[in-house]
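Chain Y: place on chain U using the hints.
Heads up: the protein sequence lines correspond to chains U and Y, in order. Residues in the first sequence are numbered from 709 upward in steps of one, following our numbering. Residues in the second sequence are numbered from 526 upward in steps of one, following our numbering.
Hint data in this document are derived by calculation from the structure and do not stem from the laboratory. Glycine is no exception: its CB is placed at the ideal position from the N, C-alpha and C atoms. Among the hints, a few may not be true.
Not the full set, but computed from the structure, chain Y residues with beta-carbon under 10 Å of chain U [said to hold, decoys possible]:
#, residue
1, Ala556
2, Val557
3, Ile598
4, Phe617
5, Thr618
6, Asp622
7, Leu628
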Amino acid sequence: MELKTKIQAEDNQQDLLVTREFGLPLELLFKAYVEPDIVAQWMGTKVLKLENKRHGSWQFETTDPNGNKHGFNGTIHEFIPNRKITRTFEMEQTAFPVQLEFLEFEKLTDDTSRLTMHIVYKSVAVRDQMLQLPFAMGISMAHDRLQELVEKLK
Amino acid sequence: MQLNDCIMKSRRDVFQAIADPTRRIILTMLAVNAMTPGAIADNFDSARQTISRHIQILTECQLLEQEQTGREIYYRVNANKLTEVAEWLQPFTKMWDDRFNKLEAIMKNYKSNK
Numbered sequence: 709m710e711l712k713t714k715i716q717a718e719d720n721q722q723d724l725l726v727t728r729e730f731g732l733p734l735e736l737l738f739k740a741y742v743e744p745d746i747v748a749q750w751m752g753t754k755v756l757k758l759e760n761k762r763h764g765s766w767q768f769e770t771t772d773p774n775g776n777k778h779g780f781n782g783t784i785h786e787f788i789p790n791r792k793i794t795r796t797f798e799m800e801q802t803a804f805p806v807q808l809e810f811l812e813f814e815k816l817t818d819d820t821s822r823l824t825m826h827i828v829y830k831s832v833a834v835r836d837q838m839l840q841l842p843f844a845m846g847i848s849m850a851h852d853r854l855q856e857l858v859e860k861l862k
Numbered sequence: 526m527q528l529n530d531c532i533m534k535s536r537r538d539v540f541q542a543i544a545d546p547t548r549r550i551i552l553t554m555l556a557v558n559a560m561t562p563g564a565i566a567d568n569f570d571s572a573r574q575t576i577s578r579h580i581q582i583l584t585e586c587q588l589l590e591q592e593q594t595g596r597e598i599y600y601r602v603n604a605n606k607l608t609e610v611a612e613w614l615q616p617f618t619k620m621w622d623d624r625f626n627k628l629e630a631i632m633k634n635y636k637s638n639k
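Just chain Y, with the same shape it has in the complex:
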């Protein structure tokens, strides 16, 4: 039940999962490389247990995937889930849209000052 928490609830929960700054950093790290829980925790000052809980939440939301390599478990970003979330492109689009809105505002002002 606990494991399916995130899937059962509305999609907003995925966004709650990624709203947390620590979890965003974990996602960023894992977007670059698969890592073991220990290696992830080494990047933070927080207790290992705290980081482990963050990893658990991300995994419950299927934003992370596990991969067994020998004795080690590696976590990686589940790119399919990000695509499924659909809005994964949204922040990238928003970043450009904000910039372009600014450009437009500046140039409109520039025009009226002429």
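In isolation and in its complexed conformation, chain U is listed as follows:
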């Protein structure tokens, strides 16, 4: 089955583009990014903080199947309802540097919309590592091993 999500990652570049069209009106798509309860549902995370405004910040905490907690956080730089969110994204307790995300929301028709995420990483190597992680880990990753790795990376 073809995936609706497209990833564009050019060789030797430190950024990538994630594009997805939704069978949802623009306002509903945007709402899924700003309502903490809804974000929690589709991201599968606890939303500790989500301040949807310029200079606001966000903080998520995800518990893996082994009960280990993983923290994520960032700052919101731009917040234009139904159009744009610019924010940083950081995985806590890992060696991965913070990344910059430009999210653009577009109306296609009354019932369809498009999201474009432009993610900029610190280096080409970091981007490639991030792209490869899900590949290498798979879904059934032994999380305790990952935890050990994370400890070593600190």
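Relative to chain U, chain Y alone:
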């Protein structure tokens, strides 16, 4: 012959190679740093020989590369092979696609509940 096993067979074998959880962990570790076989084995409770066999399979499939530094042999992920496999981007794409499918389903439900 043995060395070329993985290349000779269909590409599915590369996926069989990465289907094993231990080998995935090895790939993950080496995606971050090049390591010696000993250092890799130190991360597992299994016998060194078992880990060594996993490294061998990954190397046969060209997913790992060897690098001689002095007396030590270091293993690293062969990024070119991953790219060649083409589907290396697939799990990343799939991860986002699953999330977005969920978002879409939740919001469709949200809409109909209104």
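Okay, the hints, checked on the actual structure:
| no. | hint | in the structure |
| --- | --- | --- |
| 1 | Ala556 | 5 Å, holds |
| 2 | Val557 | 7 Å, holds |
| 3 | Ile598 | 21 Å, violated |
| 4 | Phe617 | 5 Å, holds |
| 5 | Thr618 | 5 Å, holds |
| 6 | Asp622 | 4 Å, holds |
| 7 | Leu628 | 4 Å, holds |
In summary, the one numbered hint that this structure violates is 3.
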